[in-house]
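Student: Here is what each chain is made of, one letter per residue.
Number of protein chains: 2
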Amino acid sequence: MFDRKDNLTRERLFEASARLFQEKGFKAATMEDIAQALGIRKSSIYYYIKSKEELLREICLRTMHILLEAAEGIVSRESDPENELKKLIFSHAQLLCENLDLFTVTLRELTPTNAGAFWGEIVGLRDRYEGLIRQAIRDAKDAGVLKEIDEKIAAFALLGMLNWMIRWYSPSGEKSPDEIARFWVDVFFNGAGRRKVDDGV
Amino acid sequence: MFDRKDNLTRERLFEASARLFQEKGFKAATMEDIAQALGIRKSSIYYYIKSKEELLREICLRTMHILLEAAEGIVSRESDPENELKKLIFSHAQLLCENLDLFTVTLRELTPTNAGAFWGEIVGLRDRYEGLIRQAIRDAKDAGVLKEIDEKIAAFALLGMLNWMIRWYSPSGEKSPDEIARFWVDVFFNGAGRRKVDDGV
Numbered sequence: 004m005f006d007r008k009d010n011l012t013r014e015r016l017f018e019a020s021a022r023l024f025q026e027k028g029f030k031a032a033t034m035e036d037i038a039q040a041l042g043i044r045k046s047s048i049y050y051y052i053k054s055k056e057e058l059l060r061e062i063c064l065r066t067m068h069i070l071l072e073a074a075e076g077i078v079s080r081e082s083d084p085e086n087e088l089k090k091l092i093f094s095h096a097q098l099l100c101e102n103l104d105l106f107t108v109t110l111r112e113l114t115p116t117n118a119g120a121f122w123g124e125i126v127g128l129r130d131r132y133e134g135l136i137r138q139a140i141r142d143a144k145d146a147g148v149l150k151e152i153d154e155k156i157a158a159f160a161l162l163g164m165l166n167w168m169i170r171w172y173s174p175s176g177e178k179s180p181d182e183i184a185r186f187w188v189d190v191f192f193n194g195a196g197r198r199k200v201d202d203g204v
Numbered sequence: 004m005f006d007r008k009d010n011l012t013r014e015r016l017f018e019a020s021a022r023l024f025q026e027k028g029f030k031a032a033t034m035e036d037i038a039q040a041l042g043i044r045k046s047s048i049y050y051y052i053k054s055k056e057e058l059l060r061e062i063c064l065r066t067m068h069i070l071l072e073a074a075e076g077i078v079s080r081e082s083d084p085e086n087e088l089k090k091l092i093f094s095h096a097q098l099l100c101e102n103l104d105l106f107t108v109t110l111r112e113l114t115p116t117n118a119g120a121f122w123g124e125i126v127g128l129r130d131r132y133e134g135l136i137r138q139a140i141r142d143a144k145d146a147g148v149l150k151e152i153d154e155k156i157a158a159f160a161l162l163g164m165l166n167w168m169i170r171w172y173s174p175s176g177e178k179s180p181d182e183i184a185r186f187w188v189d190v191f192f193n194g195a196g197r198r199k200v201d202d203g204v
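Those sequence lines, one after another, are chains A and B.
Heads up, the first sequence is in our numbering, so the first residue is 4 and it goes up one at a time.
Heads up, the second sequence is in our numbering, so the first residue is 4 and it goes up one at a time.
Treat the hints loosely; a few may be bogus.
[What the hints assert, rightly or not] Some chain B residues near chain A, calculated using beta-carbon distances under 7 Å:
1. Gly28
2. Phe93
3. Ile152
4. Trp171
5. Pro174
6. Arg185
7. Val188
Calculated directly from the structure, the hints in this document are not laboratory data.
Don't be surprised by glycine CBs; every beta carbon is placed ideally from N, CA and C.
This is chain A alone, in the form it adopts within the complex:
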């Protein structure tokens, strides 16, 4: 059992390690760096976690749980397939921007080498999330909202636009997460091309 102070320190530990793994990379960041960022001794960290790998596992788990919890909520509440898919896109964009360090580290540092023993655990959660996105695309197709497209590759198109945001999104940038999500929805559903029927307008 952890008391309240322990939990606070644990939280700060995960935040500091996500920030450092994001800045320096998982391999380059050391436990010493993390201890310094927190202003505690390196040996004290081991009271909370056993290894740097355990920190990476926790970061990846949190990212996947944040995404899954939101997506499962949307899927269970929303009955209209078009709204469901749009809400999933907005949710992913919003969560990525709100948890930029967590998402950046998970998307960039989660490799079989870095993950080691917990690779399968995280990949299982990732597959569950991708499965939800594909199912939403399938439902939208069945409802006649989307044309006859390959669900798998359509999901990769969406995840590509969304996840690539870790490479360029900045909280101080011109566009809000909502504006960006609206753009992805528009491109994905309508395309960026000028529709022939609009030509005369």
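On the provided structure of chain A, position chain B as indicated by the hints.
Tutor: Only chain B this time, still in chain A's reference frame:
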């Protein structure tokens, strides 16, 4: 001056390091790993390059030059803005699939920490490439092929779909690079939504 045998060894050195950086990550892969993969002594590597960083720089430079050379060729030969943009999408998808190790390492391992002194050099080339894509989108907008969209975010949509391929594309997968590129072109220009005017057909 390098003779022919030296050049061959240099080529094998870059290939082996791209493969190892892809598999293990740049920080985790050692010069010893690279020497073993080539069947030479570690000390022999230093005849060709000074450091692991120099190998990463060469990998990133090659990736950017491959992309830029192809894109600049398309831009100079193609006068129709719609064809130009479509060819740029096909070219990027094709080159990424043909040089999967190079692209994966460049897109995943090029961080300020890993790149150090050569970060600015590669980012300059990346910006030149992104500039070409944005200009092609602007031209397509001016020609009335694309609707009034923000070029910067439209370029990120395309680069997201394209670059995310390093996370899922497999040469043994169901889809060829050409089929994938055709899908990106279709989603980007027409969208995945069923057009209202098609409903009666």
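Student: If a hint holds in the structure, say so; if it does not, say that too.
Tutor: Results for each hint:
1. Gly28: OK, holds: Gly28(B) within 7 Å of chain A, min 5 Å.
2. Phe93: 15 Å, violated
3. Ile152: Nearest chain A Cβ about 5 Å off; hint holds.
4. Trp171: Holds, about 6 Å.
5. Pro174: Check failed: Cβ of Pro174(B) comes no nearer than 16 Å to chain A, outside 7 Å.
6. Arg185: 10 Å, violated
7. Val188: Violated: closest Cβ of chain A sits about 10 Å from Val188(B), beyond 7 Å.
Of the numbered hints listed earlier, those contradicted by the structure are 2, 5, 6 and 7.
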